Each structure stands twice: as C-alpha cells, then as structure tokens.
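There are 2 protein chains.
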Amino acid sequence: MDVSRPELLSASDAAHAVAAGALSAEQLVQACLARIREVEPTVQAWQYLDEAHALTQARSRDLDRAEGRPLGPLHGVPVGIKDIIDTTDMPTEDGTVLHAGRRPARDAAVVAQLRAAGAVILGKTVTTECATYPPSKTRNPHDATRSPGGSSAGSAAAVAAGMVPLAIGTQTNASTIRPASFCGVYGFKPTHGLISRHGVLKLSRSLDCVGLFARSLDDIALAVEQLTGFDENDLDTRPRARIPFVETLAGEPPLTPRVAFVKTPVWERADASTREAFGELVVTLGRSCEEYALPESVAEAWDWHRTIMEAEMAAHLDLEYEKGRDKLSESLRGQLARGREITALAYQRALNRVPRLIDGFDELFANFDAIVAPAARGTAPPLDSTGDPAFGTLWTLAGMPALCMPLMHGPDGLPLGVQLVGRRNDDARLLRTARWVQMQALA
Amino acid sequence: MDVSRPELLSASDAAHAVAAGALSAEQLVQACLARIREVEPTVQAWQYLDEAHALTQARSRDLDRAEGRPLGPLHGVPVGIKDIIDTTDMPTEDGTVLHAGRRPARDAAVVAQLRAAGAVILGKTVTTECATYPPSKTRNPHDATRSPGGSSAGSAAAVAAGMVPLAIGTQTNASTIRPASFCGVYGFKPTHGLISRHGVLKLSRSLDCVGLFARSLDDIALAVEQLTGFDENDLDTRPRARIPFVETLAGEPPLTPRVAFVKTPVWERADASTREAFGELVVTLGRSCEEYALPESVAEAWDWHRTIMEAEMAAHLDLEYEKGRDKLSESLRGQLARGREITALAYQRALNRVPRLIDGFDELFANFDAIVAPAARGTAPPLDSTGDPAFGTLWTLAGMPALCMPLMHGPDGLPLGVQLVGRRNDDARLLRTARWVQMQALA
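Chains as they are written, first to last, in numbering that gives the first Met the number 0: chain A, 0 to 442; chain B, 0 to 442.
These aren't lab readings, by the way, just hints derived from the structure by calculation. Note that the structure is a prediction, hence the values are computed from the model and not measured. There may be inaccurate statements among the hints.
Stated by the list, open to error - To spell it out: a stretch of chain A is covered by chain B in this simulated footprint if at least three of its residues, at any positions, have a beta carbon under 8 Å from a beta carbon of chain B; those stretches are: (1) 304-314; (2) 329-340; (3) 343-352.
To be verified - Just the calculated beta-carbon pair ranges, DEER-fashion: (4) A:R204 to B:P243: 29 to 37 Å; (5) A:D383 to B:A298: 45 to 53 Å; (6) A:R204 to B:E362: 23 to 31 Å.
Where is the CB? At the ideal position from N, CA and C, for every residue including glycine.
My request is simple: use the sequences and hints to build the entire structure.
Here it is in structure tokens:
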C-alpha cells in the first residue's frame, strides 16, 4: 500500500500500516489535519476540532506500540463523531444553542468502544439541529452549492472529503443513508438495537440507531464489528455472540445472492433519472434480481413512523420545548408541537404495528438475501434543504439493517447511492451481499 | 409428613411425597378435587375445571414415575391458573363475555414452565373482568360475605380454601398482594421482568407481572424458581443465571436482617386497627426495624402509575373498546375512556419518572434488606368491592419484588397481610428476609 498520502488510506489499510510500523498514528493524524485545513473552509464539516488534543491521542497510540502494548483493530485510526454523541474530552452541543458548551461527564458507549479499539477521536462533526431536518452549515464536498444531507451532515462530508476515513452518525429516519448517498460514501445503519445508543442524544428510542460512514465496505465491517454488543444502559440491545463482520465479508456467499428490487410507495417521488438508473441496475444484476411488490398496507408505515418519531421526540425534547422553544427552529418547534398532541393510544397503535410489519418481510427474506432500493430521490439538493428522508423511513421503522453504497451518479455528475436492506439481525450477511452487488455493478 | 389429607400438604411436601412414592399424583389430585367439591359451591374460585382431564394429567405423571422418567420439582403437584393466562387444553376467557369460549393455540410461558416442572394444571381460576377492579363471583373462604380481593380472586381463594397448594395470578397494581392479604395466604409478585408474561392477557407492559400464591414461603420459593428466565417473547425479561430460590431461603442470612418500616403517602388510608397492628409489629421486630421516610416527591407515583396503566390498557384493550364497549362494566369502560385521552407526552413523562423513582431507593437498600408496609387498608371488605389497591401501587410501579405474608389478623378475626418489599432483582434475598421476619413475628 502507498502510505505517501495517509489521509486517503482506508481505515483498514491505515490500521495495518500503523500496526506494521509503516506509518505512525501521529503521521496519519497529521495528514488528516492537513487535509482538513485545506478543505474545511469550504466544507465546514467540524463542530469541534482541537488539533493538539488529536495529536496527543495519536502520540499516545504510538507510545502503546513502542512499548509493546496490545494494539486494537483501529489502532491510531482517526474517527469523526457526530456532535450528538457524548465525549468527555470535547463538548457535545447537539446542534442547538440550548446545549451550547455542554460537556458530558462520560463517553457515549460507541466512543468508549472506539477508544478501546485504539481509535483516535479526532473531533466532533456537524449535526443539524438536534439531528432533525433543518440544514446545517456543512456543504457537500462534491459541490459546495449542494447539501451534504442530514442530519449526520458533517460525518458524511468529512469522510467524503478525505478528512477522516471513518465517522459515526445516527439515523432516526434517513440521517445516515441520505447523507451517504449525497456525499458518495458508504453509510451503514445496522439493525435497531445492535449498537448501544447510551450517551447519544435521544430522539426516539424506537427508531434511533447509530450509523457509520466509510469509504469502503471493508471499513464499515471493521468498524461495526467493534461497536456491537449488549449494554445494560440501552434496553434495546441484546446479549449475543460477537458478529464476525470482517470474516463474513471476506468470505464468498455460499450461493449466488438474490436481491429483491423493491419499489416502495415513495418510488414515484424519485427523480426520473434515479428511476432510470435503478432500471439499469436491475438489468445489470440480471437473473439474480427480481422486482418484489410489498403489500399495499405498507403505505401506512410512513404515518406510523411520523407518529412514533414525533411522539417520542416530544418527550425526549420536552424540557427544550418547555424552557427554550423560542431558540428552536420553526421546523423543530412544529415537530415538537405536533408530537405533544399525539395521544398515547395513537402512539401505541403505531408501535404495535411494527412487529407485524417486520413479520411481513419473512416471505421476502425466505427468497432473497437483500432488498435493493433508492437511498434518496436523486443527487444532493441545494443547500436550503437536507433532502427528502422518505427513502429511509420504512427500513428504519422496521429496524432493518440498511446500507448505502456510492455505486451510481446522477446526470449532474454527483453521487447517487444504492440502498441495500437486509433481514433484522443478519447484518453481516447484508454486507457480504453488498460486496456481491458492488462487484456486479462495477464490473 | 402426614399424607392422610393430601389436599393440606404444601406443594413442597406433596412433591416430595409423590417423588418418594408415598402418595400418587392421582391421589393428590383426587384429594384436591374432593375438597373443591366440598367448598366450591360457597367459594366459587374456579372458572373452568374438568376433573377427568385433571386426573388424566395426574395419571400421566404417575406413569412417568413408574417408568423411571425424570421427575420435575413440582411433579404431580396441582396448580390453579388465573383465567387470563393461556392454556391450550382449557379455555381462557379473561373474565369478559367478549372473550367467552376463547381457546388459545398455545400455553403461556408460565404454564409451559409449570408443565415442564411436572405440575398438573388443575383448572382455571376466576379473574375479575380483564383483571381489573369490578368484583368477581368468588367469595372469601374465611367469610363468604367478604371479598377475596382482586383481580387474582380465584387463585388466592383456591389456595386459602385448601383446594390447591399453588396458584398463579398476576399483578398490575395490587392484584396479587391484596387478595393474598384478604385470603390469608402467601402472595409473591417478583421483580418486573423476572417471569415471562408471554401468553398472559396484556394490560400494561410496564406494570404487568405474574404473581404466585401458596401456603408457605418454601412453596413460593419452589414455584418461582421454576418460572424465571429469559423469553424472547417478553421483551422485559433478561438473560440471567437461574436463581437458587430454594437454596437461598434454606440458608441463614449472613447478618441479622434490617427492615425499613415505610409509611407511604397512602398510610393514612389504612384502618386504625391496621396502623396499630403495624405499630406492634415494629415493636416486635425491635432494633432490626426502623421507620424510614420516603421523599415527598414519591406522592406523585400514584398518578404516574394510573397514567401508565390507563394509557397502556387503552391500547391493549383497544379492540374490546372499539367493538364491544357495551359489554364492558362501567368501571372498565371508564378506565379505557380515560386512557384513550392521555397524551403520548403525559404517558412518556410518567414512564420516564420510573428510573429515577427506582434510583431513589438505593439509599434505603444500602441500609436495609427489605421494606415492611401494609398490604391493604385492613381485612377483606364486603363483596361489592375488591378493596383499595393503593398499597401495592408504588412497588408495582417501581417493579420491585413484593411479598404478602399472612402474619396478622384484624379485629374481625380475618387475615391481615404484611407486605415485604425488596430491591429489584434481589428476589431470593427478599424471601430469606421474609423468613426471618416471619420467625420474629410468630415467635
């Protein structure tokens, strides 16, 4: 591997180079910081970045190696953390002036796991306001007049701009998949409950997930493998054996995968060019890909999602609304006001639909390895919007693992993601199927 | 042990006698059936009882032994099951004409566990309407003009009347503790989530618990030990090591236990004679017992409980209300109508108070092994009420294990229970502390 441009290395390659002594963590972090100095004035992906502190962490990682201490799978690898995820050594301000200067007393579970794996927590990436819809200051690295998407705007943009090989975001609707699509990087939202959300700003217990951004499938696998597990502080996590993501991804599928092309009820909202691009992708995938029609009742899922999300947001952001609603955007204030009016009955009715929605996918997954669907309407929209999240909604509601891969481009030359969705708790297999789809698409 | 009156044996003694061949399961069940024929016309504890089917089960248990198959810890022991708990071989009608003739396709988790432990499912015991407040047909075995309490009326009365050594009930407010107190038996509601509720009529996921009735602490320990464990169908259960209830109860406490006498905000609702009786109990317990004042904020807990219970009932009994509210009692219809008006915000606010309420008991349990408190206002009320559940509310809301022991009597000569409450997930220790309290009280 070429270590002359460390900031362009994948996380996997960077970790190997650091472990082998071909590159120091300090050199790697220096290269990333140099790249940030170069493009950050345009991209504005970082909410908080203390170069000296990042370098201190890197030197400490190098010292580990020099003194023969065991090295983690991400040893020395710099990671960006969405600014709704708690860090003890950096502020976590949740994209709202109401939380300005907030200094958490402890690391979020994912941050602790990343540190335990040897990662350098480079800084905090820009989030939209409380991880909701209003645009942030971040710009799309491919075109500064376009949105990077939201709400994990800074994480997606930082990875896309070569500032950092890995970044952590979240998703409650489409906040990982959509920015990954717009920024042309890999974005992965695992099965609900696979990664602990302890220490992450709570919007919706039923929907919130931690998401990952990287520039390769291997890096997604390497990173997610460090982050899964039971956490008594997140009641939706479950004890389970460690999932061998890297090993599974490295293996061949036992049979040629079959993927279901699914036009959800929001298909017609996709741009004509997006619909065409997917038509071509289906042809490329050939006999392994078949269109699959979901039952019509699925159309209600977008309403259930909004009911659950807004009802739970109203509770989690109750204090912010009560004490500081004048400091909230009109968009968020409106969401919270709507959420406060929802009855417990309507909320529970929506929640109770989810298990049946999930069961409804059993037949599909008895015949297919994964679903392929658009990740967004089209390429990145102008800066005044973070884009339509509707292409993430159904899969988020069902808690299914979803991956966005930068396999296509729109007529404007900007990236257009392909979304692959897997069966719940079959996350590693989804990545393996994705590798196969990637190879077909790029062949 | 004297096996000449098998219906009077404890479950533990009966299981030993059956295992040793001193008594057949058939003889045991016959004795219970004879006792039922004798007192059932007055007590009316059973909703469904098929003598032939009970005897068939008993003979099958005897055949197990004759053929050398392994015997369960409850081998041959007859158990009564509250009629909101599913059984494949008997109807489960939930105390409402809306579910008349309902035949579940599978056993509830607890029924399956009891069968696996060798128990004979004798029949279904009377429940109040959907396990809520209106009185049932069951009468108090100690005085047929008095209520057995509710909602687990038949289970408590059947055990009290010597019809069956063990019965299963449930508790969402005080539906195990209150009937145990009125009927003069042991009643145990374990930590929320310790016993799976799969196959039990759902009223409130956050509050519902399976409860147990027996005539001795040993029987409570023996039975609950068979029923704990993780069930993927009940999301509030947790994987954990099997809890050695019987062994813990048989051991001595390492130190003399200390119990906190707690006058909750509902203390003044207790009868004067109940308050006096507890004053005497505190004196009897001597230096090991100390009054402990809860913070005043606890007074709100009864409102939080009602909000959670009625909001969740409205969702779980949505269909019954929509399609058959004219077949519901005015009491239940009123509860559901109120529940349907609660906002998701008020509901979640109440839910969010619970973790802090639980944390608030940390200091108490750092200094005390258990809480002692009344189980009810006084002895059993007349038949037109199932009694005030307020003495169970706080502990149910906090998900703490609660035990009612028949240690006292009221001025009318009827039983008056003593409630002991333990730290969450410290259920076995609570029973061991209860044994010590029992010995002091009866000394």
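Each hint tested on the structure:
| no. | hint | result |
| --- | --- | --- |
| 1 | 304-314 | holds (count 4) |
| 2 | 329-340 | holds (count 3) |
| 3 | 343-352 | holds (count 7) |
| 4 | A:R204 to B:P243: 29 to 37 Å | holds (34 Å) |
| 5 | A:D383 to B:A298: 45 to 53 Å | holds (50 Å) |
| 6 | A:R204 to B:E362: 23 to 31 Å | holds (28 Å) |
Of the numbered hints given earlier, the model fails none.
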